[in-house]
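Let's have the full structure, built from the sequences with the hints guiding it.
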Amino acid sequence: MAFPLYAGVYLQHTATIILTYLCLALSWDMLVRTGQISFGVAGFFGIGAYSAALTALNLKLDPLLSIAVGGLAAMAAALVLGLTTLQLRGMYFAITTLALTEIFRVIVRNLPGLTGGPEGTVLPSAIFDGDPTKTYWLLLAIALVTIAISEAFQRTRVYFAITSIRHDEMVARSSGLDIFKYAVFVFAVTSAIQGIVGASFAQQYAFVSPEGTFDIDFTLLPIAMCLLGGMHSTLGPIIGALVLGSVAEYLKLQLPYGHLLVYGAVITLVILLMPQGVAGKMKEQFVREQ
Amino acid sequence: MTGKRMRAVCVGCILLAALISACAPAAAPGTPPATPTVGTTPAAAAQPAAAVKKPIKLGAVIPLGDITGAQSAKAMKLAVKEINAKGGVLGRPLELIVVDDEMKPDKGAAALDKLATVDKVDVFIGGMASGVLLGQAPTLKKYAKVTVWTGAASSKCEEAIGADADWFFHIHPWDYNQGASYEEGWTAITKRYPQIKVENQFWAYEEGAFGAGTFKASQDLYNQWAKIQGQSFKSAAVGGGDYRAVLRQAKEAKPDVFIWVGYEPDAMGFVQQAKEIGFAPPIFLGSPPGWPVAFGKSPLSEAVWLYGMWAPAIKEVSDVSKGFLDAYVKEYGEEPATYFSPLGYANVYIVAEAIRRAGTIDKPALITALEKTEYKSPTGDVVTFTPSKIIKHQGIKKQKILQYQHGQQQVIWPFEVATAKPAYPFPSWEGR
Amino acid sequence: MLAVRGIDNYYGKLHVLRALTIEVGRESVGLFGPNGAGKTTLINAIMGLARPARGEIVFEGRSLLGLAPHQIAHLGIALVPQERELFPLMAVKGNLESGAAHIPAAREKMKSTMEFVFELFPILKQRLGQPAGTLSGGEQRMLAIGRALMANPKLIILDEPSLGLQPSVVTHLFGTLKEIKQKASILLAEQNVRQSLKAIDRGYVLENGEIALEGDAASLAGNEHVKRSYLGL
Amino acid sequence: MSALPRSRRYQIAVPLALFIVVLAWWHPYAVIEGVQRAGLYAAIALPMALILGIVGIVNLAHGDFLMLGAYLAYWFAVHTQGDPLVAILPAALGLFLLGAVVYRATIKHVIGSSELSQLLLTFGLAIVLQQTATLLWTSQPVSINTEYTSTSATIGSLTFGTYGFVYVAAAVIEFAGLTFFLQRTRLGQAASASGQNPVGARIVGINVDRVYLIVFSISLALAGAVGVLFLTRHAVFPLVGGGLTFKSFCLAAMAGLGNLRGILWCSLILGLAESLVSTSKEYAGWADLIFFVAIVAVILVQSHRRQVT
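Chains as they are written, first to last, in the working numbering: chain A, 1 to 290; chain B, 1 to 432; chain C, 1 to 233; chain D, 1 to 309.
FYI, nobody ran anything at the bench for these hints, they're computed from the structure.
All values reported here derive from a predicted model rather than from experimental measurement.
For every residue, glycine included, the Cβ atom is placed at its ideal position computed from N, Cα and C.
Careful: at least some of the hints might be erroneous.
Unchecked claim - Each computed DMTMM-like pair below joins lysine to aspartate or glutamate, with the alpha-carbon atoms no more than 20 Å apart: (1) B:Lys197 to B:Glu183; (2) B:Lys398 to B:Asp362; (3) C:Lys13 to A:Asp62; (4) B:Lys216 to A:Glu211; (5) A:Lys281 to D:Glu115; (6) D:Lys247 to A:Asp217; (7) C:Lys181 to C:Glu210; (8) B:Lys227 to D:Asp83; (9) B:Lys398 to B:Glu82; (10) B:Lys297 to D:Glu147; (11) B:Lys104 to A:Asp217; (12) B:Lys297 to D:Asp83; (13) B:Lys376 to B:Glu82; (14) B:Lys120 to A:Glu211; (15) C:Lys154 to C:Glu108; (16) B:Lys254 to D:Glu282; (17) A:Lys60 to B:Glu159; (18) B:Lys251 to D:Glu282; (19) D:Lys281 to B:Glu252; (20) B:Lys216 to D:Glu282.
Unchecked claim - Here are the computed distance ranges between Cβ atoms for each label pair: (21) C:Gly215 to D:Arg186: 43 to 49 Å; (22) D:Val14 to C:Gly175: 46 to 52 Å; (23) C:Gln126 to D:Val86: 24 to 30 Å; (24) B:Thr386 to D:Ser280: 39 to 45 Å; (25) D:His79 to B:His406: 22 to 28 Å; (26) D:Arg186 to C:Lys183: 32 to 38 Å; (27) A:Val80 to B:Glu331: 56 to 62 Å; (28) D:Ala105 to A:Ala152: 40 to 46 Å; (29) D:Arg186 to B:Pro299: 45 to 51 Å; (30) A:Leu111 to B:Val317: 43 to 49 Å.
Written out as structure tokens, the structure reads:
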């Protein structure tokens with residue numbers, strides 16, 4: 001990979017950003033494995049971020065504790081919403097989660113007393129006083145937990161449940177699995193991850209705002225990463241996040257004007273040339289060589 | 001079976017790579033300590049005396065995809081070129097390193113890390129969106145490097161930077177500076193032209209941070225001298241563009257002044273739809289960060305007032321402005337479209353002159369020198385740094401009140417740089 | 001008329017068709033075999049929906065290999081797929097018309113062909129305005145056959161037309177094949193061998209992607225293997 | 001293309017008509033402006049629903065193609081000093097050709113792959129278009145003012161803008177044109193057959209690939225033409241398309257994928273509701289909420305109904 005190996009803080013910061021997206025991408029993929037495409041990543045990210053920022057500010061919670069609160073809040077929201085929306089399939093579920101993100105944003109913007117309104121809320125200081133190494137370790141830890149959960153989902157009963165939801169609901173039903181229960185469970189867990197990531201983002205940059213925190217990029221980029229890397233696996237989203245995250249940063253430095261154009265072209269070309277994603281392509285090569 | 005093993009191997013490799021990258025700074029020599037050491041800037045302190053010809057590095061973080069940032073970067077490059085042509089500063093050339101922030105707080109903060117640790121710049125400059133500076137504040141505080149910032153109007157940023165940051169110099173006026181400045185301006189204008197009335201104001205503000213923040217700041221400020229009411233709208237920049245509901249409310253309020261605070265894409269819509277519903281208040285004023293291409297060419301722009309920092313017409317009353325404008329047009333073959341270009345130009349000159357006065361790039365000396373700045377800026381202002389509500393070093397506090405006349409933006413106030421007299425009241429829409 | 005010579009086809013690593021050769025003249029030909037023997041794969045290969053790895057397919061002296069399905073349809077081959085593949089939101093009338101509308105030669109005879117279809121399947125005339133998606137299984141099958149006939153084909157291929165239908169409907173369907181044969185050659189893929197043997201002139205038995213047996217209807221009906229495996233005697 | 005049975009249509013239409021009458025008496029401007037807004041929504045969303053219904057692809061670059069049409073008209077108006085509306089035909093033609101090229105080069109290759117690959121492909125296209133526009137024209141918006149844009153009429157004590165009805169007209173013409181095309185022309189029938197069942201379409205002799213190409217190009221041509229209309233009343237800048245895609249996508253989902261008539265209804269409901277909320281002084285900031293709550297509600301109710309029946 002043509003990743004520029006600048007030593008030090010900058011690399012760590014870039015790696016932290018990539019890990020942030022990696023967690024979002026992987027959590028999104030975990031839900032996709034049940035057959036549900038969510039466009040609501042930014043929504044749970046934002047709920048986590050706001051809950052963490054507001055509890056840290058108003059209840060003087062420890063930043064790490066507030067991050068946990070962020071995760072819990074996102075999980076609670078997902079439980080409530082999942083019970084009503086997970087009945088929807090395909091594009092209808094996707095659009096509903098997208099709309100919910102916008103609904104969260106509008107609510108946050110219109111409650112200035114609680115949330116700081118359109119201007120957002122500033123925290124007095126960043127987590128670990130802005131120490132990039134500690135922040136990196138935090139995100140790495142969150143990423144490792146996410147990877148562990150993803151692998152656990154791939155190896156346990158949950159795997160059977162969620163893949164059978166995706167492939168054939170009738171089979172899953174007749175085998176006595178309460179598939180809806182599993183879908184809600186996965187939705188809650190993945191949303192909690194997204195909430196935790198959002199919360200640490202808020203703590204890292206010490207501010208939340210409706211425009212910045214509910215940014216649709218927090219939904220779109222992770223999806224792009226999963227597709228590039230390959231879906232329905234732990235490895236695919238990881239590869240996608242590493243590749244797309246470092247390519248984006250590298251391009252920016254090499255090509256100050258027009259780097260986003262190349263970025264878009266790269267996405268288009270990868271879809272045309274490697275429709276199964278980088279991981280899928282690698283696997284194919286691997287199998288062929290054997 | 002092989003698939004699973006391969007997956008395990010790959011996950012392992014990635015984890016290993018991640019661990020190495022985290023440990024790398026500990027191993028790499030010459031990296032600055034991660035926690036800020038108060039009082040010293042490692043990069044500045046480490047400068048060996050022998051390296052006389054070594055360039056002085058300015059690191060700029062700007063959104064290059066946006067015209068404001070693009071033109072700001074162009075003007076900075078122009079200023080650096082001019083200064084270097086005259087032998088640089090302290091016998092050393094200036095080097096400008098620009099990193100795109102993509103209007104994203106995380107990217108903006110990472111850009112600062114790159115400039116500080118990879119390029120090892122001496123001073124941070126640049127800046128545009130408030131939302132980005134908010135995210136950059138922890139990083140800026142971590143390095144506590146001398147920072148001269150052109151952008152960000154939201155006073156939330158001031159909160160985030162904090163009172164202790166003696167290294168932070170902010171050129172752009174804060175939202176409440178702007179509000180206070182307009183109060184001053186209108187008081188002066190109404191004194192000179194007693195027929196002009198501004199007591200009763202109706203504000204239409206875009207519902208995001210920019211509009212709502214500006215309105216709130218002004219509302220807190222204006223209770224003394226003007227009665228203001230307001231209503232939010234959705235900017236065309238984020239998918240809105242129907243202003244008729246808010247315009248109709250404004251019409252019912254019969255204000256002396258109608259002000260809209262939004263973005264460039266709202267400009268034409270506001271005049272078109274005001275004409276459509278027959279709303280022509282005595283003063284029709286817009287306050288976006290910039291204007292659309294050739295807005296002045298439309299007959300609807302005639303006598304529209306605007307708030308701003310600069311207009312090309314200032315060249316008629318300011319030599320610095322004329323010098324900048326001519327040089328910019330010569331260099332790039334186009335007139336700058338936003339005030340961020342003179343601001344970027346001023347940004348480089350303010351830093352360069354301060355370094356020259358300080359005779360060094362040592363932080364304490366540079367800060368003292370910057371505090372004594374008295375720079376005649378192409379925006380028509382004399383930039384000095386004085387305390388604002390929270391921070392110690394606020395540059396420009398004054399805005400300008402301008403008006404479109406015959407297709408050009410003319411300065412009405414401050415009177416020292418005025419290029420035209422006000423056209424009042426606003427002519428009716430009929431026949432335009 | 002139609003000659004399939006030595007085609008091989010793979011589905012992933014699975015060898016589905018092995019050096020398969022069949023021929024259809026101006027007659028009605030049956031294609032029998034258990035589920036998974038390769039009947040549908042062969043039909044898809046003829047229709048251009050699947051691409052064989054080796055071999056050739058010739059229709060009236062023209063090679064069909066490399067042609068797209070719509071081009072093959074234009075040459076005069078019409079397919080009644082197992083899954084029927086109707087246009088569910090379109091009315092019965094629209095579905096029938098669609099069979100002829102995109103083939104210039106058939107378009108001119110649309111009216112008279114439709115009369116012929118109504119003679120075979122009077123029920124379709126009653127359902128003319130009803131969306132195809134709301135028809136019963138048997139009606140949908142009739143509509144699919146009707147749509148294929150609308151193309152005025154030289155060869156009509158029926159893929160398991162009896163699948164999932166009541167016996168009475170099956171009898172009616174197979175009864176119409178004699179009239180259809182007046183207009184076009186027929187290639188009939190079926191598991192219901194007993195009924196089919198009454199409707200065809202000649203037949204092939206396909207097993208594991210290979211021709212296990214071939215012969216005219218009478219000789220097949222008398223064959224021990226056929227009797228045991230397909231007629232349950 | 002409407003899958004609604006006739007009786008259901010009245011269930012929607014009658015309460016809606018009642019609502020409009022009451023609203024017109026209470027807040028006449030909300031009705032006038034809501035209808036105009038609905039026209040704009042529908043005009044923009046219809047071409048997207050066309051691709052979705054027939055080619056089966058969610059075109060996330062839809063708004064960006066519209067942006068391209070608008071820039072084309074701007075360029076045309078500046079260079080000829082003429083009326084931007086004259087550019088409708090050239091813009092439609094230009095976008096039609098671009099559509100053919102884009103289809104051949106990209107879309108064709110993801111027909112039949114997963115929904116998400118298709119989404120990501122058009123997402124990549126959207127970025128390419130936006131960034132190309134930024135490099136060519138910068139982020140500074142362009143707008144054009146024509147005399148007719150601000151025309152208004154007075155009925156009794158009501159003074160309202162009339163130009164906004166151009167969008168209503170555009171939506172109606174688009175809908176009528178598309179309906180005629182899909183039901184009465186052979187190519188249109190082939191298109192609607194391909195949309196309902198591509199395999200079925202192939203075996204009756206339809207060149208589905210060519211149909212997709214033409215439908216994609218027609219949709220882009222319409223987007224280009226609507227882009228020209230858009231320019232006459234709205235500022236255009238490289239990122240303007242994102243919001244338009246987003247709204248169209250929501251409308252298409254609310255209407256039921258590919259349901260053209262549903263787009264008209266849903267646009268009307270949303271236009272009126274938004275317009276009503278933004279006229280109320282205290283709650284104007286919540287107007288967006290209406291849009292999204294309405295979408296979620298409609299989707300949930302429809303899914304519930306599907307489960308019951």
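Do the hints match the structure? See the list:
no., hint, in the structure
1, B:Lys197 to B:Glu183, "holds (13 Å)"
2, B:Lys398 to B:Asp362, "violated (30 Å)"
3, C:Lys13 to A:Asp62, "violated (59 Å)"
4, B:Lys216 to A:Glu211, "holds (18 Å)"
5, A:Lys281 to D:Glu115, "holds (19 Å)"
6, D:Lys247 to A:Asp217, "holds (17 Å)"
7, C:Lys181 to C:Glu210, "violated (27 Å)"
8, B:Lys227 to D:Asp83, "violated (42 Å)"
9, B:Lys398 to B:Glu82, "violated (27 Å)"
10, B:Lys297 to D:Glu147, "holds (13 Å)"
11, B:Lys104 to A:Asp217, "holds (10 Å)"
12, B:Lys297 to D:Asp83, "holds (15 Å)"
13, B:Lys376 to B:Glu82, "holds (16 Å)"
14, B:Lys120 to A:Glu211, "violated (32 Å)"
15, C:Lys154 to C:Glu108, "holds (16 Å)"
16, B:Lys254 to D:Glu282, "holds (19 Å)"
17, A:Lys60 to B:Glu159, "holds (18 Å)"
18, B:Lys251 to D:Glu282, "holds (17 Å)"
19, D:Lys281 to B:Glu252, "holds (12 Å)"
20, B:Lys216 to D:Glu282, "holds (16 Å)"
21, C:Gly215 to D:Arg186: 43 to 49 Å, "holds (45 Å)"
22, D:Val14 to C:Gly175: 46 to 52 Å, "holds (50 Å)"
23, C:Gln126 to D:Val86: 24 to 30 Å, "violated (53 Å)"
24, B:Thr386 to D:Ser280: 39 to 45 Å, "holds (44 Å)"
25, D:His79 to B:His406: 22 to 28 Å, "holds (24 Å)"
26, D:Arg186 to C:Lys183: 32 to 38 Å, "violated (24 Å)"
27, A:Val80 to B:Glu331: 56 to 62 Å, "holds (59 Å)"
28, D:Ala105 to A:Ala152: 40 to 46 Å, "holds (42 Å)"
29, D:Arg186 to B:Pro299: 45 to 51 Å, "holds (50 Å)"
30, A:Leu111 to B:Val317: 43 to 49 Å, "holds (47 Å)"
The structure is inconsistent with the numbered hints 2, 3, 7, 8, 9, 14, 23, 26, although it conforms to all the rest.
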